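For the record, the sequence lines run as chains R and F.
Each residue of the first sequence is one higher than the one before, starting from 1 at the first, in our numbering.
Each residue of the second sequence is one higher than the one before, starting from 1 at the first, in our numbering.
The hints are simulated quantities; they were obtained by calculation from the structure and are not laboratory data.
Among the hints, erroneous ones may be present.
Here are some of the chain R residues that sit facing chain F, going by a computed Cβ distance under 8 Å [claimed, not checked]:
| # | residue |
| --- | --- |
| 1 | R20 |
| 2 | G23 |
| 3 | R27 |
| 4 | K64 |
| 5 | Q65 |
| 6 | K68 |
| 7 | V70 |
| 8 | V72 |
| 9 | T120 |
Below 30 Å or equal to it, Euclidean Cα-Cα: the simulated DSBU-like pairs (lysine-lysine) are [said to hold, decoys possible]:
| # | chain 1 | residue 1 | chain 2 | residue 2 |
| --- | --- | --- | --- | --- |
| 10 | R | K64 | F | K371 |
| 11 | F | K318 | F | K355 |
| 12 | F | K331 | R | K4 |
| 13 | F | K318 | R | K64 |
| 14 | F | K217 | R | K68 |
| 15 | R | K81 | F | K371 |
| 16 | F | K212 | F | K355 |
| 17 | R | K74 | F | K212 |
| 18 | F | K371 | F | K420 |
| 19 | F | K226 | R | K64 |
| 20 | F | K217 | R | K74 |
| 21 | R | K64 | F | K217 |
| 22 | F | K309 | F | K420 |
| 23 | R | K64 | F | K331 |
| 24 | R | K81 | F | K212 |
| 25 | F | K212 | R | K68 |
| 26 | F | K331 | R | K74 |
| 27 | F | K559 | F | K374 |
| 28 | F | K207 | R | K81 |
| 29 | R | K68 | F | K331 |
| 30 | F | K226 | F | K212 |
| 31 | R | K64 | F | K212 |
| 32 | F | K309 | R | K68 |
| 33 | R | K68 | F | K207 |
Quantities reported herein were computed from a predicted structural model and do not represent experimental measurements.
All C-beta atoms in this analysis are idealised placements derived from N, C-alpha and C, irrespective of residue type, glycine included.
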Amino acid sequence: MTIKNTIAVLVNDHPGVLQRVSGLFGRRGFNIESITVGQSEEVGLSRMVIVTIGDENNLEQIEKQLYKLVDVIKVIDLSSKPMVSRELAMIKVKAEPPQRPEIMGVVETFRAAVVDVGTTSLIVQVIGDTEKIDAMIELLKPYGIRELTRTGVTAMIRGNA
Amino acid sequence: MSAQIPEVRSTDELREKWMKPEVITGSEILLRSLLLEGVDCVFGYPGGAVLYIYDAMYGFEDFKHVLTRHEQGAIHAADGYARASGKVGVCIATSGPGATNLVTGIATAFMDSVPLVVITGNVISSLIGTDAFQEADITGITMPITKHSYLVRDVEDLPRIIHEAFHIANTGRKGPVLIDIPKDISAAQTLFVPQMGPVTMRGYNPKVLPNKIQLDKLTQAIAEAKRPFILAGGGVVYSGGHEALYEFVRKTEIPITTTLLGLGGFPSGHELWTGMPGMHGTYTSNQAIQQSDLLICIGARFDDRVTGKLDGFAPHAKIVHIDIDPAEIGKNVPTDIPIVGDVKAVLELLNQDVKRANQADAWRAQIQQWKNEKPYSYKDSDTVLKPQWVVELLDETTKGGAIVTTDVGQHQMWAAQYYKFNQPRSWVTSGGLGTMGFGFPSAIGAQMANPDRLVISINGDGGMQMCSQELAICAINNIPVKIVIINNQVLGMVRQWQELIYDNRYSHIDLAGSPDFVKLAEAYGVKGLRATNKEEARRAWQEALDTPGPVVVEFVVSKEENVYPMVTQGSTIDQMLMGDE
Numbered sequence: 001m002t003i004k005n006t007i008a009v010l011v012n013d014h015p016g017v018l019q020r021v022s023g024l025f026g027r028r029g030f031n032i033e034s035i036t037v038g039q040s041e042e043v044g045l046s047r048m049v050i051v052t053i054g055d056e057n058n059l060e061q062i063e064k065q066l067y068k069l070v071d072v073i074k075v076i077d078l079s080s081k082p083m084v085s086r087e088l089a090m091i092k093v094k095a096e097p098p099q100r101p102e103i104m105g106v107v108e109t110f111r112a113a114v115v116d117v118g119t120t121s122l123i124v125q126v127i128g129d130t131e132k133i134d135a136m137i138e139l140l141k142p143y144g145i146r147e148l149t150r151t152g153v154t155a156m157i158r159g160n161a
Numbered sequence: 001m002s003a004q005i006p007e008v009r010s011t012d013e014l015r016e017k018w019m020k021p022e023v024i025t026g027s028e029i030l031l032r033s034l035l036l037e038g039v040d041c042v043f044g045y046p047g048g049a050v051l052y053i054y055d056a057m058y059g060f061e062d063f064k065h066v067l068t069r070h071e072q073g074a075i076h077a078a079d080g081y082a083r084a085s086g087k088v089g090v091c092i093a094t095s096g097p098g099a100t101n102l103v104t105g106i107a108t109a110f111m112d113s114v115p116l117v118v119i120t121g122n123v124i125s126s127l128i129g130t131d132a133f134q135e136a137d138i139t140g141i142t143m144p145i146t147k148h149s150y151l152v153r154d155v156e157d158l159p160r161i162i163h164e165a166f167h168i169a170n171t172g173r174k175g176p177v178l179i180d181i182p183k184d185i186s187a188a189q190t191l192f193v194p195q196m197g198p199v200t201m202r203g204y205n206p207k208v209l210p211n212k213i214q215l216d217k218l219t220q221a222i223a224e225a226k227r228p229f230i231l232a233g234g235g236v237v238y239s240g241g242h243e244a245l246y247e248f249v250r251k252t253e254i255p256i257t258t259t260l261l262g263l264g265g266f267p268s269g270h271e272l273w274t275g276m277p278g279m280h281g282t283y284t285s286n287q288a289i290q291q292s293d294l295l296i297c298i299g300a301r302f303d304d305r306v307t308g309k310l311d312g313f314a315p316h317a318k319i320v321h322i323d324i325d326p327a328e329i330g331k332n333v334p335t336d337i338p339i340v341g342d343v344k345a346v347l348e349l350l351n352q353d354v355k356r357a358n359q360a361d362a363w364r365a366q367i368q369q370w371k372n373e374k375p376y377s378y379k380d381s382d383t384v385l386k387p388q389w390v391v392e393l394l395d396e397t398t399k400g401g402a403i404v405t406t407d408v409g410q411h412q413m414w415a416a417q418y419y420k421f422n423q424p425r426s427w428v429t430s431g432g433l434g435t436m437g438f439g440f441p442s443a444i445g446a447q448m449a450n451p452d453r454l455v456i457s458i459n460g461d462g463g464m465q466m467c468s469q470e471l472a473i474c475a476i477n478n479i480p481v482k483i484v485i486i487n488n489q490v491l492g493m494v495r496q497w498q499e500l501i502y503d504n505r506y507s508h509i510d511l512a513g514s515p516d517f518v519k520l521a522e523a524y525g526v527k528g529l530r531a532t533n534k535e536e537a538r539r540a541w542q543e544a545l546d547t548p549g550p551v552v553v554e555f556v557v558s559k560e561e562n563v564y565p566m567v568t569q570g571s572t573i574d575q576m577l578m579g580d581e
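Go ahead and model the full structure; you've got the sequences and the hints to work with.
And the structure:
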């Protein structure tokens, strides 16, 4: 059965590590839906969060192949446990003055924020899980989306684990 | 017979002198570090970006440097050296085209898990990324085909990097490691403190010892099995586990096949050995795999040339997979008993309490019957030389005792089928990548590692022309490799596929225009001999054996000969074309 998996990969913060990891996915025919990288809690280590689509065998192979990379310290299958996942999107939406109150209504309902106001547009910032962002985009589409950028998912296991 | 390879003059005294902490250049650090790692032979080709390194090598005789005529020759020679010795092979090339010429050889070593340390020069650090003269992003280019790689950014890191590179290359699942050294780094000076101690790397801890529970499961499975069978691969040879494997078979009396890369890992004369499996394997091995109820895979990776059509492979068997690389387990074939660990360590532990497979007597009889009824066979001829006969001649006259390297193609399969290997590291061939041009230069490396052994390089007329320039190396260093060319004037394996699968449409396989190989040898100062019938063949081969230096022997063989048995792609391995024997 094909499912969406979220894995966290703790890696050495060395030049070229992102290339090694993403190259491995490409070469082995694994799919990357999104990938985010940034500092971790430990100096010298970065954490990548990768969302990938595949079956169970696929996920097992991804984990094992990742572990073969010398710069990979730890691989955690986040989606096997309850997790918190978040994504950020910025949406530049067409907004002539008459439409603004309506758009603000959508923004408030989603607990999003307007972070820039132009003469005929607004930039809306929304944070949440992927479904929430998808829904927000659907609602803003009728007004005309001029530009859209999403960060990809970052995630953590809930609780003390 | 002994190769007249110059002795390196490294002594403990000299070593002590070299190993004092001292402020020296990156280039000198490299040379001293190589000595510390026990390197006695390096294959290379100088160029602009490695000039400091070669300058440091001027008058340096603590290890031997072999100047090949092409970087591809250098890396295949380093590969042959590593396969035949178990030590790490080392080669050096310059930046840009020097480095990219290594790519085929790096991929070859990667596919077959051969430990190499590959050193490339690069343009000076400040020019990296500017498309400078002879610049190539070789770490980027080789990322998918190296076990690990380094681009050195600070000369102070160099001793640690070299020490780590050797550790990574030759532990766990072995493989090539690349070190890319910008020119300014090889010139920069720093205090060199020799690195000798154990390597600790947080992200690299290969698991050597297996899980005891899994071992017990296997012992139990052997006791219950009625049709157990062993599929052993290159991991047996690489781990030095051949004696433990022999002991395992002696105790359990389970019949065994060895893959192409596993040849020599188990003595071919043994009653329980069934020959090679897979596409050109024996009838017995393939039937045994398909009918087994317990398949014990040891240090092999279920390559598609072994399994044939995966759906339908070993359909009745409980699968046991012993491998040091966890990622191999379950990659191609679902595994019932996974055992992660070093093959030698696993087998030694198993041997402590494993017993004879007592329920398998009928199975052993069945296997013997297959072996007797369907051995490898070919139709011999008195008018043309048959390539299989030539390999048998080499085997008989050397009693299976030579180190044999091959290129890729029909001659490779005939060598695998008809030469009888009895000891590990006596068979050097490109398995996973199937690299033409590998056979001859790898023999140079194998001979450098084993100056006192007979090294025979079996090549086709196609592959020989991919690296024939290295004849110069044999001539000037008097490296006494016996270079056999099985000349059928075509790309034989391609011809075979075109005949059997592409309806006799022989598209672009005629190698007309090949040189006169005898004259080619002589042009390099190497003795050349030719044989076109059995009598000439016996005489020429004997003359080659009696000649102290390198010799090229060309056997002109029948053009139409095919390799049988053959499993065509998309078939299960028991569906074999047996030929017209």
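- prompt: Keeping to a limit of 30 Å between CA atoms, is the pair of K74 (chain R) and K212 (chain F) held or broken?
  reply: holds, 24 Å
- Pairwise hint evaluation, K420 (chain F) against K309 (chain F), where the allowed Cα distance is 30 Å at most: Judged against 30 Å, a Cα distance of about 28 Å means the pair holds.
Checklist entry - Keeping to a limit of 30 Å between CA atoms, is the pair of K318 (chain F) and K64 (chain R) held or broken? => result holds, 23 Å
Within 30 Å, alpha carbon to alpha carbon, are K226 (chain F) and K212 (chain F)? Cα-Cα ~24 Å, so holds.
Is it true that the CA of K217 (chain F) sits at most 30 Å from the CA of K68 (chain R)? It holds: about 27 Å lies between the C-alpha atoms, which stays within 30 Å.
For the pair supplied as a hint, K309 (chain F) and K68 (chain R), is the alpha-carbon distance within the 30 Å limit?
holds, 27 Å
(Q) With the threshold set at 30 Å, check whether the alpha-carbon distance from K331 (chain F) to K4 (chain R) stays at or below it. (A) This hinted pair holds, its Cα atoms lying about 20 Å apart.
Hint consistency between K68 (chain R) and K331 (chain F) [alpha-carbon to alpha-carbon, up to 30 Å]
At roughly 14 Å apart (the allowed maximum being 30 Å), K331 (chain F) and K68 (chain R) satisfy the hint.
Interface hint for G23 (chain R), Cβ within 8 Å of any Cβ on chain F:
holds, 5 Å
- [ ] Quickly compare the C-alpha distance for K68 (chain R) and K207 (chain F) to 30 Å and report which way the hint goes.
- [x] holds, 12 Å
Exercise. Has the given pair, K212 (chain F) with K355 (chain F), been kept, meaning a C-alpha gap of at most 30 Å?
Worked result: Cα-Cα ~16 Å, so holds.
Inset, instruction - Closer than 8 Å between Cβ atoms is the bar; does R20 (chain R) clear it against chain F? Give me holds or violated. - result: holds, 6 Å
Consistency note: the structure conflicts with the earlier hints numbered 9, 10, 15, 19.
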